[in-house]
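Quick mapping for you: the protein sequence lines, in order, are chains A and B.
Residues in the first sequence are numbered from 1 upward in steps of one, following my numbering.
Residues in the second sequence are numbered from 1 upward in steps of one, following my numbering.
Source of the hints: derived by calculation from the structure; they are not laboratory data.
Some hints here could point you the wrong way.
Simulated pairs of lysine to aspartate or glutamate, EDC-like, Cα-Cα distance not exceeding 16 Å [unchecked claim]:
| no. | chain 1 | residue 1 | chain 2 | residue 2 |
| --- | --- | --- | --- | --- |
| 1 | A | Lys128 | A | Asp41 |
| 2 | A | Lys205 | A | Asp41 |
| 3 | A | Lys59 | A | Asp41 |
| 4 | B | Lys263 | B | Asp233 |
| 5 | B | Lys38 | A | Glu198 |
| 6 | A | Lys183 | A | Glu163 |
| 7 | A | Lys118 | A | Glu174 |
| 8 | B | Lys237 | B | Glu39 |
| 9 | A | Lys118 | B | Asp194 |
| 10 | B | Lys120 | A | Glu112 |
| 11 | A | Lys3 | A | Asp41 |
| 12 | B | Lys261 | B | Asp210 |
| 13 | A | Lys128 | A | Glu174 |
| 14 | A | Lys22 | B | Asp73 |
| 15 | B | Lys197 | A | Glu53 |
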Amino acid sequence: MKKIAIVDYGLGNIFSIKQALKNCGVEPLVTESAREISQSDGILLPGVGAFNEAMKRLKSTQLDQVLIEQSQKGKPLLGVCLGLQLLFSKSHEFGEHLGLGLIEGEVIKFPETFAGAKLNTPFIGWNKLHINASQLDNPLIKGLTETDKFYFVHSYHAKPYDETCVIASCNYLEYNYPAIVQKNNICGIQGHPEKSAEQGLLFYKNWLNSI
Amino acid sequence: MNRFIRLIPRLDIKGPNLVKGIQLEGLRVLGNPDLFAKEYYRAGACELFYMDVVASLYERNSLVSMISNIAQDIFIPITVGGGLRSLEDIQKVLNNGADKVALNTAVIRRPQLISEASNKFGSSTIVVCIEAIRQPDGKYLAFIDNGREHTGVDVFQWAKEAENLGAGEIVITAVDREGSGSGFDVELVGRVSDLVKVPVVAHGGASSVDDIVQLVQQTNVNGVAVASIFHYDLITKINTLQQTKSEGNTRFLQENRAFQKIKPVSLSAVVEELKKYNIVCRSV
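With the rest of the complex left out, here is chain A (with noise of 0.2 Å):
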């Protein structure tokens, strides 16, 4: 069987990945402990919070430094909601601070305004994924469809600089952020795969068989 670590640094709706990952047939492990990281076939970001104080507790255990060197030597990382933020270069969440650097690119707010209409924040509430026309193919998202909602909670969104990296985005109104990202073996989803009936678990399925 996979051996998947979910990383636990106090953050994050654990229990509720953990039964979604268990749902698609593997037993993962929920652990703070670098060794068992590195051991992992596949690791697992969550997280849910402000980005600094994030930040701050994987610095505070260094594990910071065990998912740059692990997913440098090309091992599957998943950063799942504020986890996908956390895999890029900098944050303006409530100033500006430096997160992983795995996928170059920054965290930014939903505009107050757009095209017109108000974006209230936090948006919360199910979302269609728009996928981007040359990522069809894309084992992460296979089987999934233009109707297919998720279920995000969120004020500030990733924004890479190599807009390739975006495998499926969403519109708030008239708003388009990027809800997938991959950078080879790291990805991210912005929404909450756990939370998003039998679509998300398909989407987990998919990243396990990808390991």
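Fit chain B to the known structure of chain A by using the hints.
Relative to the frame of chain A, chain B by itself:
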């Protein structure tokens, strides 16, 4: 353009049972909550909202094991409320499968708990519930302990304060409409959802699809919490009573009575009907 709305079945829990009252009182047993939860998940509910309706009185929430069980089968957000008093209470519920917690009594007594909790768990995890009762002079005042106790707090000022303190979402219950099937309090919901930037969920009074459509078209509401319409539909279709756990008032259920003002409709039928008005929920 489509309007996205979160359709949220609300499950009021007393002991082991799903119950339903009128104006939060006169609780009737409707059966095993797991059966309702699984059916709503299958039918396309956007989230589930569990409320331990006697917890606040007893100052404890007894939903922990129920939630950790159901969260193994249900992969949509679950909000849990009732009797949560401290950061430790919140942590316990979140560690057992809840995604969000709903706070009322504790935060009216000590508003600072909102900011402490949102700092610790993230504001999107903290839902503030406001139980509003319209006064004879037209004012709306907030109540606690499941609509039983008067606080003198103005609903609109409180909603704004809760947002400023870090609430990620506000659920506004029109207590006098709750369980009555007399329609949402559109004025109340409209005013609260114009006042705050965080998402507002309306609860109390839905008797039909028309009520939901009317509310969504006339306000900026972000979600609706619905109980009676869906519960009364389901009890006519499946045997929801768990023989061993039939404490409380089960006569309503055994006599197969319906409530005349409420038009029971299945959740999936509501989702389909809303689509005709360009109101979109989670697709299934």
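Each hint, compared with the structure:
Taking the CA atoms of A/Lys128 and A/Asp41, the gap is about 30 Å. The hint is violated against a cut of 16 Å. Between A/Lys205 and A/Asp41, the direct Cα distance comes to roughly 14 Å. Compliance with the 16 Å bound is thereby established for this hinted pair. Restraint check for A/Lys59 and A/Asp41: not satisfied, since their Cα atoms lie roughly 22 Å apart, outside the 16 Å limit. The straight-line distance between the Cα atoms of B/Lys263 and B/Asp233 is roughly 8 Å, inside the 16 Å bound, and the hint therefore holds.
With a C-alpha separation of about 13 Å, the suggested pairing of B/Lys38 with A/Glu198 holds against the 16 Å cut-off. Simply put, A/Lys183 and A/Glu163 have alpha-carbon atoms about 11 Å apart, close enough for the 16 Å limit, and the pair holds. Distance hint between A/Lys118 and A/Glu174 is fulfilled; the C-alpha atoms sit about 10 Å from each other, no more than 16 Å. The hinted pair formed by B/Lys237 and B/Glu39 meets the criterion: a straight-line CA distance of about 11 Å does not exceed 16 Å.
A C-alpha spacing of about 12 Å is found between A/Lys118 and B/Asp194, which places the hinted pair at or below 16 Å, so the restraint holds. At most 16 Å may separate the alpha-carbon atoms for a hinted pair to count; B/Lys120 and A/Glu112 exceed this at roughly 25 Å. As the CA atoms of A/Lys3 and A/Asp41 are separated by approximately 5 Å, the hinted pair is consistent with the 16 Å bound. For a cut-off of 16 Å, the pair hint linking B/Lys261 to B/Asp210 stands: about 13 Å separates their Cα positions.
Our distance criterion of 16 Å between C-alpha atoms is met by A/Lys128 and A/Glu174, whose separation comes to about 12 Å. Under the criterion of a C-alpha separation no larger than 16 Å, the hint pairing A/Lys22 with B/Asp73 is consistent with the structure, at around 11 Å. Taking the CA atoms of B/Lys197 and A/Glu53, the gap is near 24 Å; set against the 16 Å cutoff, the hint is violated.
Hints 1, 3, 10, 15, counting from the list given before, are not met by this structure.
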